[in-house]
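Visitor: Sequence:
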Amino acid sequence: SANRKQSDALKATVSGNTIRYKKLYSDPLTMPSYCDLICTSNERSPVFVSSANRRVELITINPEKKGDEKFWDAFYSELEDAQVIGAWFEF
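If you read the sequence shown in the numbering used here, its first letter stands for residue 14, the second for the next number, and so on.
Think of the hints as simulated: they come from the structure by calculation, not from any bench. Because the structure is a prediction, the values reported are computed rather than measured.
Here are the simulated SDA-like cross-link-like pairs (lysine to any residue), alpha carbons at most 20 Å apart as the crow flies:
| no. | residue 1 | residue 2 |
| --- | --- | --- |
| 1 | Lys83 | Thr73 |
| 2 | Lys24 | Ser46 |
| 3 | Lys36 | Thr26 |
| 4 | Lys24 | Ser54 |
| 5 | Lys18 | Ile32 |
| 6 | Lys78 | Ile51 |
| 7 | Lys83 | Ile72 |
| 8 | Lys18 | Glu56 |
| 9 | Lys78 | Arg57 |
| 10 | Lys18 | Pro59 |
| 11 | Lys24 | Tyr47 |
Given the sequences, and given the hints that come with them, work out the whole structure.
Guide: Below, the structure written as C-alpha coordinates:
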(Lines of atoms letter the chains of each structure in order from A and count residues from 1; the text may use other names and numbers.)
(Lines give C-alpha, C1' and ligand atoms only; values in the text may rest on other atoms or scores of the structure.)
Protein backbone atom coordinates (compact mmCIF):
# COMPACT_ATOMS: atom_id res chain seq x y z
CA SER A 1 0.00 0.00 0.00
CA ALA A 2 1.44 3.35 -1.04
CA ASN A 3 1.51 6.37 1.21
CA ARG A 4 0.49 9.89 0.17
CA LYS A 5 4.03 10.96 -0.83
CA GLN A 6 4.50 7.91 -3.07
CA SER A 7 1.04 8.34 -4.61
CA ASP A 8 1.68 12.04 -5.29
CA ALA A 9 4.95 11.13 -7.06
CA LEU A 10 3.08 8.64 -9.23
CA LYS A 11 0.38 11.25 -9.92
CA ALA A 12 3.05 13.73 -11.09
CA THR A 13 4.55 11.11 -13.42
CA VAL A 14 1.17 10.12 -14.86
CA SER A 15 -0.01 13.68 -15.51
CA GLY A 16 3.28 15.20 -16.66
CA ASN A 17 4.12 16.12 -20.27
CA THR A 18 7.73 15.01 -19.91
CA ILE A 19 9.57 12.17 -18.22
CA ARG A 20 13.22 11.78 -17.19
CA TYR A 21 15.00 8.73 -18.54
CA LYS A 22 18.38 7.59 -17.28
CA LYS A 23 20.50 5.07 -19.08
CA LEU A 24 22.93 3.30 -16.76
CA TYR A 25 26.16 5.31 -16.32
CA SER A 26 24.74 8.25 -18.30
CA ASP A 27 23.20 11.60 -17.48
CA PRO A 28 19.40 11.65 -17.35
CA LEU A 29 17.47 13.02 -20.34
CA THR A 30 14.14 14.83 -20.22
CA MET A 31 11.94 13.73 -23.10
CA PRO A 32 8.28 14.04 -24.08
CA SER A 33 6.15 11.48 -22.30
CA TYR A 34 4.00 9.16 -24.39
CA CYS A 35 3.49 6.73 -21.52
CA ASP A 36 0.20 5.08 -20.70
CA LEU A 37 1.03 3.76 -17.25
CA ILE A 38 -0.84 0.69 -16.07
CA CYS A 39 0.02 -0.77 -12.67
CA THR A 40 -1.31 -3.94 -11.13
CA SER A 41 -1.42 -5.03 -7.53
CA ASN A 42 -2.85 -7.74 -5.33
CA GLU A 43 -3.25 -5.14 -2.55
CA ARG A 44 -6.86 -4.16 -1.85
CA SER A 45 -5.99 -0.41 -1.65
CA PRO A 46 -2.64 -0.05 -3.45
CA VAL A 47 -2.51 3.77 -3.65
CA PHE A 48 -3.61 6.78 -1.65
CA VAL A 49 -6.51 8.38 -3.55
CA SER A 50 -7.91 11.67 -2.31
CA SER A 51 -11.31 13.05 -3.30
CA ALA A 52 -9.53 15.57 -5.60
CA ASN A 53 -7.61 12.91 -7.52
CA ARG A 54 -8.86 12.57 -11.10
CA ARG A 55 -5.84 10.71 -12.48
CA VAL A 56 -6.27 7.29 -10.89
CA GLU A 57 -8.72 4.63 -11.99
CA LEU A 58 -9.02 1.63 -9.72
CA ILE A 59 -10.81 -1.48 -10.91
CA THR A 60 -11.15 -4.94 -9.44
CA ILE A 61 -10.95 -7.80 -11.91
CA ASN A 62 -12.85 -11.04 -11.46
CA PRO A 63 -10.29 -13.89 -11.34
CA GLU A 64 -12.51 -15.84 -13.74
CA LYS A 65 -11.41 -13.42 -16.50
CA LYS A 66 -7.81 -14.60 -16.30
CA GLY A 67 -6.78 -15.82 -19.76
CA ASP A 68 -10.07 -14.74 -21.40
CA GLU A 69 -8.59 -13.02 -24.48
CA LYS A 70 -11.97 -12.23 -26.03
CA PHE A 71 -13.03 -10.34 -22.88
CA TRP A 72 -9.76 -8.42 -22.61
CA ASP A 73 -9.70 -7.48 -26.30
CA ALA A 74 -13.22 -6.05 -25.94
CA PHE A 75 -12.29 -4.33 -22.66
CA TYR A 76 -9.26 -2.57 -24.15
CA SER A 77 -11.28 -1.59 -27.25
CA GLU A 78 -13.77 0.15 -24.99
CA LEU A 79 -10.95 2.00 -23.21
CA GLU A 80 -9.98 3.45 -26.59
CA ASP A 81 -13.57 4.53 -27.36
CA ALA A 82 -14.02 8.20 -26.40
CA GLN A 83 -17.82 7.81 -26.11
CA VAL A 84 -17.53 4.93 -23.64
CA ILE A 85 -14.90 6.72 -21.55
CA GLY A 86 -16.98 9.92 -21.71
CA ALA A 87 -19.99 8.02 -20.38
CA TRP A 88 -17.93 6.76 -17.44
CA PHE A 89 -16.70 10.31 -16.79
CA GLU A 90 -20.28 11.61 -16.76
CA PHE A 91 -21.33 8.73 -14.45
